[in-house]
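Engineer: The residues making up each chain are set out below.
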Amino acid sequence: MLVLTRKSNECILVGDNIKVTVIGIEGDRVKLGIEAPQNIRVIREELLMEIENENRMAARSEYRPLPRGEER
Amino acid sequence: MRIATAHFGEVEIDDNKVLFFENGLPGLEDNKRFALLSNEESRPINWFQSLDHWEIALPVIDPFLVCPDYAFDIPQADVDALEIKQVEDVYVLNVLVIPRNGGITINLAAPIVINVKNNRGKQIILDDKKYSVRMPISELLPNAAEGG
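From first to last, the protein sequence lines are chains A and B.
FYI, our numbering numbers position 38 of the first sequence as 38, with every residue one higher than the one before it.
FYI, our numbering numbers position 25 of the second sequence as 25, with every residue one higher than the one before it.
Simulated from the structure, these hints should not be mistaken for lab results.
Be a bit skeptical, because a hint or two may be false.
[Unchecked claim] Under the rule of at most 25 Å between Cα atoms (straight-line distance), these lysine to any residue pairs were calculated in the SDA-like manner: (1) K32/B with A81/B; (2) K31/A with D127/B; (3) K130/B with L47/A; (4) K129/B with I25/A; (5) K31/A with R2/B; (6) K31/A with K17/B; (7) K129/B with D28/A; (8) K129/B with T21/A; (9) K129/B with M57/A; (10) K31/A with D52/B; (11) K19/A with A36/A; (12) K31/A with K130/B; (13) K117/B with S38/B; (14) K17/B with R2/B; (15) K117/B with L37/B.
Start from the sequences and build out the full structure, keeping to the hints where you can.
Structural biologist: Okay, here's the thing in structure tokens:
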């Protein structure tokens with residue numbers, strides 16, 4: 001893993017067409033600007049982890065029809 | 001082909017009904033082939049049955065039944081990967097969690113998108129705060145009733 005130190009308003013370039021800019025730093029929060037081509041997916045890691053977790057929970061779902069109360 | 005399923009016993013699946021997910025689903029990556037199963041009792045819930053591991057089946061639903069104004073853009077990379085030529089070929093399903101106790105939730109943040117022309121699909125991830133990973137169905141359905 002490459003570890004870099006950057007200050008506010010400094011950038012890193014990844015490959016030919018991805019640019020990550022440190023827009024601001026406030027306490028333990030870093031605001032990043034990411035410029036990447038449309039075919040590069042940029043998401044927060046915890047969102048992917050939530051979806052992985054949700055799919056595993058779904059696979060343990062109980063087999064039952066929609067209860068009447070929820071089918072209004 | 002004849003397959004064992006999680007909830008429907010042994011079932012005959014036409015080869016042309018097999019859905020291909022090149023990367024599996026997030027969290028269930030080693031499941032690449034699926035079929036949609038339902039019966040009178042289960043509908044409108046369908047079960048997204050893995051053909052690689054018979055015990056893996058996820059309940060899914062047409063999101064527009066519970067969230068009529070659901071809308072999202074399919075990223076161009078996914079349009080290309082699934083070779084989607086026209087929007088009419090796109091079939092959308094969202095994953096439900098049906099816990100033993102408690103209410104059913106729907107994952108609106110990660111719709112399953114299927115190109116019905118080639119049976120290839122992918123669960124795409126919307127980074128849109130509007131859509132929750134765990135939205136209670138009971139909060140959506142009163143709106144659905146009003147809308148239709």
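Engineer: Taking the hints in turn, state whether each one holds.
Structural biologist: Status of the hints after comparison with the structure:
1. K32/B with A81/B: 15 Å, holds
2. K31/A with D127/B: Since the Cα atoms of K31/A and D127/B sit roughly 16 Å apart, the hinted pair holds (cutoff 25 Å).
3. K130/B with L47/A: 13 Å, holds
4. K129/B with I25/A: Holds: K129/B and I25/A sit about 23 Å apart, inside 25 Å.
5. K31/A with R2/B: 53 Å, violated
6. K31/A with K17/B: With a Cα-Cα distance of about 46 Å, the restraint between K31/A and K17/B is violated, given a limit of 25 Å.
7. K129/B with D28/A: 22 Å, holds
8. K129/B with T21/A: 22 Å, holds
9. K129/B with M57/A: Given that 25 Å is the threshold and the Cα spacing comes to 21 Å, the pair holds.
10. K31/A with D52/B: Violated: K31/A and D52/B sit about 42 Å apart, past 25 Å.
11. K19/A with A36/A: The hint holds at about 7 Å.
12. K31/A with K130/B: 21 Å, holds
13. K117/B with S38/B: 21 Å, holds
14. K17/B with R2/B: Roughly 12 Å separates the two Cα atoms, so the pair holds.
15. K117/B with L37/B: At roughly 19 Å apart (the allowed maximum being 25 Å), L37/B and K117/B satisfy the hint.
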